[in-house]
Amino acid sequence: MYKPRPFIPEISYCHCMYRGTKIWDLYSASCLVTLVQGVLLILLRKWTRPAVEPRQFLPQDQHQAHLKCITPPPQLSFSSLMDGVTAQASTLISREHPHGRFLTVLMFVLNMGSFVMYLVLTTRPVEYCVEGMDALLLLDLAFDVLYLLHFWLRFLSAQDLMVWWLNYKTIADIFTVAPACFTVVTGRAWLGLRFLRALYILELPAILQMLNILTSKTSQRLCRLGAILMGTLFFYAGLIHLVESAGDPWLENSNALSRPYFLYVYFLTVTMSTVGYGDVLVITASGQFLITVFIFIYLGMFASFIPQMMEILANRKRFNGAYSSVLGKSHVVVCGHLSLSNIEPFVREFFHDDRGEVNTNLLFLGDFCPDATLEEFFASLPGQIYFYQGSVQNRQDQDRVMMRKASACVILSDRFAVDPDAEDSDTLMNVISVKTYHPNTRVIVQMLKPSNKVIVQKIPDWDWSCGDAALCPMELKLGFMAKSCLVPGLSTLLANLFTMQGEVEQRGDSWKNLYMEGMYNEIYTEHFSWPFRGMSFAQASKLCFLKLGLLLIGIATYSEDDEMSVLVNPPKCIKIKRGTLGFLVASDSSDARRASIYCERCHSRVRDPCRMSPCQCPEFQEGSSLTSVMNLRRPSLGVLPSIPDLEEEGDWTKELETEGQVTLDSTGLFHWCSPVSLEEVTLTREMASGLALQKHVVACVFGDGHSRLLGLRAFMMPLRASSLTRPELPTVIFLGDTDYFLREWPDIHYFPHVYFLPVSVGGCGGGTWGSPVCLDDLLAAGVTHCARTVILNSTGSTKDTQTVLSCYTLNSLSLQTEDLSPQTDALTTLSLSSNYQGPHSPCQKTTRESIPLLVEIDNTSNVKLMNETEGLEEADSLPLTEVFSQGKVFSVDVLDSLMAAMSHQKARTYFNSNVPLLVSTLVTGGDSPLLETQLLEDNHLTEGAMTSELWALRRRSKLAQLALQEQPLCRLQCVLFRDLFCQALDSLEILCFGLYRLIDPPNRSMKRFVITNPQGDLPLLASDRVFCSVPFHQSHLLTQSHPV
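The numbering used here numbers the first residue of the sequence shown as 24 and each following residue consecutively.
In case anyone wonders, no lab produced these hints; they're calculated from the structure.
The calculated BS3-like cross-link candidates involving lysine-lysine, where the alpha carbons are at most 30 angstroms apart (straight line), are:
id, residue 1, residue 2
1, 458, 472
2, 192, 240
3, 481, 240
4, 481, 458
5, 565, 598
6, 240, 428
7, 481, 428
8, 600, 565
9, 428, 458
10, 1030, 718
Turn these sequences into a full structure, and let the hints guide you.
As structure tokens, then:
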């Protein structure tokens, strides 16, 4: 047994194999040789494996079975056996399984125990002979056996052997297990590198997180910083203790000095804190060299980590309080991904001046410490926004922000996430946590992928009737862009309606002023006052427009069986009744309120709508208690309720015969065809040219087999809405990578008239090699005759390089076409009335329009690089740029503003949960509970049996664009927009809500801009095109006018 005694350089116990001679160099050399030898063997295996790996040939029976699609009988081989062993080893150490988590905790405890035993062994000499293995050495040897077993488990489950071999766990095993075994053989103990076990302190944060002890990112970060400092300190203290206790070998250990281990911990702490008392000195040259290296490394870590830890601790006190409710004020909790780019548009929209006084506080709950920029932003609105540090997945943190009493919980996502599925998984966990602890709290969540949005509805206690909403910005973006293929400029018009813009000073008398006047309009909702009851939509819309200065675009009404329907321009059989909600376009909320306070007796003689004020009529006292109550089930969007008068109109079989063969899906909302494979619709250039398509849609998709999926089903649904008749369905040609579309195709293979043109893998004349915008492919797809060319990007890049280059390529293609035949497509305008005046006179002739483009850019500053972009008022924001006013750009920043304004951006969803329903109605053309159920259960559409009920679902109004100089509007004698609005409603049942007007000359490319909600006294021009909502029974009018 070891007996404490003074340290002496030589020991001469008679039983030692190497009596009187130190053999630490043999220990060290054997461990180093093992480490280097392992590296060489791994490199040799890596270099020689491709050459020696045998080719895999299928035996004859397996080959025949493969041809017959029969699974061959399994054959036992060494490789399959090793694969099974590897899988079992991976399962044993995986933290995703209970036994893996137990093993992880066990190994951490054992390593900490080994480090404690090392601290005890430091009281003994560095190297000494033992008469027999005492209890401490035997326990250490038993631990080493367990480490060896864990070593082989990690080896079998290693994906990269080199990474595994050079991991600190493997190095600790090599330099500690082998010397312990040598002690048994030689009878000579060496303290060695047992201090390497201290590096396992680095595992402490992960273990505490795995055990749900650390739940917030801030506490995890604090623990991680502390673990790095402590582990490195204990490691370096052991290294200095070893070299000081052993002495310099070239001096025959004459300068060895035995000191306690914790003395070196104290010395290193004083050194790294730059205090340097000088009471402890390093004697050996080896120690002095290591201290020099330590100062360069650890001093930088100390100077960086300690301030971060102090800041975290200080901020925990600042942001660790609890919210106390304020009398007369509600509050909304915002959590999830909280960054300045995510928060700023939300707050700006939430507290916009047009909304009036908002008696609501915003509470941001994030498991991080806000930086200086974010703190400054929070301080800009004191008393209205608060930040609390904590995790939404922690019940205590939810109680701190009074989640139970919150008006809503808004969960934001990181739309720039590299892995959208992982981001959506974190978001789902947040939703589950809120619904688990507070099931009655309204949750509005933002999902990145449309397919993941369906999963949210499976969460227990998720209740649409409580206002819960799952929203997907990608789905919204694709829907807006698809709708703009049918109605050019619609994306800009809708973006202007669902976002709030600050006023910009208007200068001069140009088209820019008209655009900006329309840009300041937004969508509001109000319950109709009693004079509206019994009116049809057309009557109410005319009253709002002519008398109240409002544009009524849709209503939300209940049927007799409490079925809620959101309708845009419903037919005359739908009557307004008590509780009907109107969707109104106005400049601010006070203007929209006129619809709820209008009194026929008191306001009939008031000519200025701004002078209207609430009256004291008894009808208003009766309706004062009316509140907006959510329906008990998912409403129908655009789909008409069951009305006997409506069902008796016409014979649907005759309409079917007139239109031709029509197949709808089981929900009745989309055109459907039997699923086809991608190979069946894949075209060559010759095949695409032979189709001779006109007025079709060309969609160029940047992406490959590894890009994230866009979810093209959301793009195809508006283009295949059942409210469109067969002549209105545009053919769609996708250009892109085959590997990418093989992944997208299962979600769109049941939509008719869809083709695929793979990108070229050879030279492209004038285009980018292997790009969806190769000139030869574009010409073959008929881009010069298409209704819209859409540029989509699934690569996730924010540089917009491919998008900008695509615009230049398409613009050059347009110029080449103009040079070939400049006279063929000259536009001649016709006068609708002798009173028409303006810059576009009937005698003006212009050149051919450029190729109609619609692109999405991520960085709004890149809009300046687009060929035809000019600024409006120095273009402080994207909505003020010319290219956006034309409806040619849909930006991520605009999408952010939408998401902050309506349902897809939570502020407007909180203020009015019905606004997103209108957006879905306008973008998709219709929705129903049956569609939600279908996608929730099967996640795909199936064929429906054609019946009168299914056919009735088609009778939905649809957005369109009609030219004033073509049928049917050319029959109307209109001078002002007011005339057009009233006559179109009275004679055609068409609701007009915007204009698409030519920009002031010079305008060689015939560029147009959007006028949202024009004033009634705005003069019309012969070249104007009108944004309108057309009833289904007037679909035949759309085939008479095809705006490009």
